[in-house]
Amino acid sequence: MSVVNALIEGAKDTRSDSRQLSKSYSTVVSLSLIIIFLQGGEQWYISFPVAILCATALCFPHFKYNDNIWFAICAVLVVGNFVDWYYIDNHKYLITYWAIVIFLSLKSRNPDTFIATNARLLIGLVFTLATLWKVISPDFMNLRFFTWSLLVDERFTAVIDLITSLSTSAIAENHRAYQSLGDLSIIHDPASTIQLQASPEIQPLALFLTWWTLIIEGMIGLLYLHGRSGKWRVTADICLLVFLLTTYLPLPVFGFAGTLAIMGNAQATRSWTSIAFIVTLVIVYLYQLPLYEFLKSAGLT
Amino acid sequence: MSERKSLYFVPVICLFIGIIQFILSFSYGLTPWKGGGFGMFASTDAPGSRNFRVYLHTNDGLVPARIPDHLLRQAGKSRHLSNANTFMTLAKKLASQTWMRYVPDPQGVKGPALSKEAATYIYGSSTSQYLGEPVAVNAITLRLWKTRFDVSTLTLRTDVSSSVTIRTSGAHE
Chain H
1 MSVVNALIEG AKDTRSDSRQ LSKSYSTVVS LSLIIIFLQG GEQWYISFPV AILCATALCF
61 PHFKYNDNIW FAICAVLVVG NFVDWYYIDN HKYLITYWAI VIFLSLKSRN PDTFIATNAR
121 LLIGLVFTLA TLWKVISPDF MNLRFFTWSL LVDERFTAVI DLITSLSTSA IAENHRAYQS
181 LGDLSIIHDP ASTIQLQASP EIQPLALFLT WWTLIIEGMI GLLYLHGRSG KWRVTADICL
241 LVFLLTTYLP LPVFGFAGTL AIMGNAQATR SWTSIAFIVT LVIVYLYQLP LYEFLKSAGL
301 T
Chain A
1001 MSERKSLYFV PVICLFIGII QFILSFSYGL TPWKGGGFGM FASTDAPGSR NFRVYLHTND
1061 GLVPARIPDH LLRQAGKSRH LSNANTFMTL AKKLASQTWM RYVPDPQGVK GPALSKEAAT
1121 YIYGSSTSQY LGEPVAVNAI TLRLWKTRFD VSTLTLRTDV SSSVTIRTSG AHE
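Protein chains in written order, with our numbering: chain H, 1 to 301; chain A, 1001 to 1173.
Just to be clear, a hint being listed does not mean it is correct.
[To be verified] A few chain H residues facing chain A, derived, Cβ under 8 Å:
#1 N90
#2 L121
#3 S137
[What the hints assert, rightly or not] Quick list of in silico lysine to any residue cross-link-like pairs, SDA-like style, CA-CA up to 20 Å:
#4 A:K1077 with H:T113
#5 H:K107 with A:E1003
#6 H:K107 with A:S1002
#7 A:K1146 with H:P138
#8 A:K1092 with A:S1002
#9 A:K1005 with H:R109
#10 H:K107 with A:F1009
#11 A:K1005 with H:D84
#12 A:K1005 with H:Q43
#13 A:K1077 with H:D89
#14 A:K1146 with H:R176
#15 A:K1077 with H:A177
#16 A:K1146 with A:Y1008
#17 A:K1092 with A:R1143
#18 A:K1146 with H:Q179
#19 H:K107 with A:K1077
#20 H:K107 with A:F1052
#21 A:K1146 with H:V78
#22 A:K1146 with H:A177
#23 A:K1077 with H:V78
Note that these hints are calculated values from the structure, not bench results. Predicted, not measured: the structure shown is a model, and the values here were computed from it. Beta carbons are placed, not taken as given, at the ideal position from N, Cα and C, and that holds for glycine.
Please model the complete structure; the sequences and the hints are all you need to start from.
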């Protein structure tokens, strides 16, 4: 009971602060709670407590800006993700960073500026690190990565099927061959060489994806780290919006896309870019629907 | 923490973890896809391109073995973070298991999932009706295979990237 009382007291304390908080800050906090609720963690020891904490904050408004609730969310995410740090996807790191930003912003004198600055720097850092990896990777610039991805990564099935002449059976055979090599339950020595099936469009497509990804991610990283205001920020926002709308259509990683859209909204300097990020958040959520299967069943592929 | 310090706290942590991830990837076998360095979609060295095979040194010779289900998490760690330390941890846990011969139904009524020639050894209870007596395991070899992609020939090639062998406590001289 004392814990509950402490939480309620804490809620009362911070409720008075909520009067100073802007509407846009409130929107960012609400959207952040939703994304943490949906994507905070896959393991039960993260998803279960985080779901309860986020639901509490969403359902009872005076808990929304409660330090204790946000501290508990951060603690669960940090400890839970630390256990599987080598295994979890990178967007789990990003969601955890963002939860800590919200928590610290509650203690800040100017929460709006606090989350805007952190959102801008985090977006810039994420894309700069991603670009650095692509530049130094021995697989990326020589087209090896995207050629390999297009042929063996199931997430590119729709792209391959819609754009290239590679048959459905060849696509499935490539996936099966690759997955057989990484199956821990198989005891045989893996085959030493497997010939993948391809079509003439694969290489040009890999070339386009390689340079498009490098240029757009590099631009986003640089523009957000350096563009503090003015037209550079608007350019950065447009680049990020284009990236979100194009990248996550074939690769619907909503945890990453959604967090980036919320961060984009948090740092947006123009009202239209702010709205555009919210609209994009909804669109990337809808990308999770089986659009490719729908097109196929409708005979449109 | 001062206002200014807290303002840059999270970006500094993000950058710090990114640098650590670079170091772990280049020196300690961490896949570029994991570890918070945002190296996903940059390398073919994905977790799925790394695979383990376990071999038991028995009195009948070297035979392949299946990783027990309860050690798959540890095997997953060794796959994502492939270095001597994680290898040895997994190898020691494998060495402490009781390994039993998998005996297929001679009538073929309820045949095994794997062929008889596979000489499967399975640890566990779900297939207990097919298990014979525990076998003496002198040593265990753990091999990491990496799949590499040749972009000019469009072939996947698997090579043994590293291997470790440890003797079991009940090894027969």
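Compare the structure with the hints numbered earlier in the document and write down the numbers of the violated ones, lowest to highest. Result: hints 4, 8, 11, 12, 15, 16, 19, 20 and 21 break, sorted rising.
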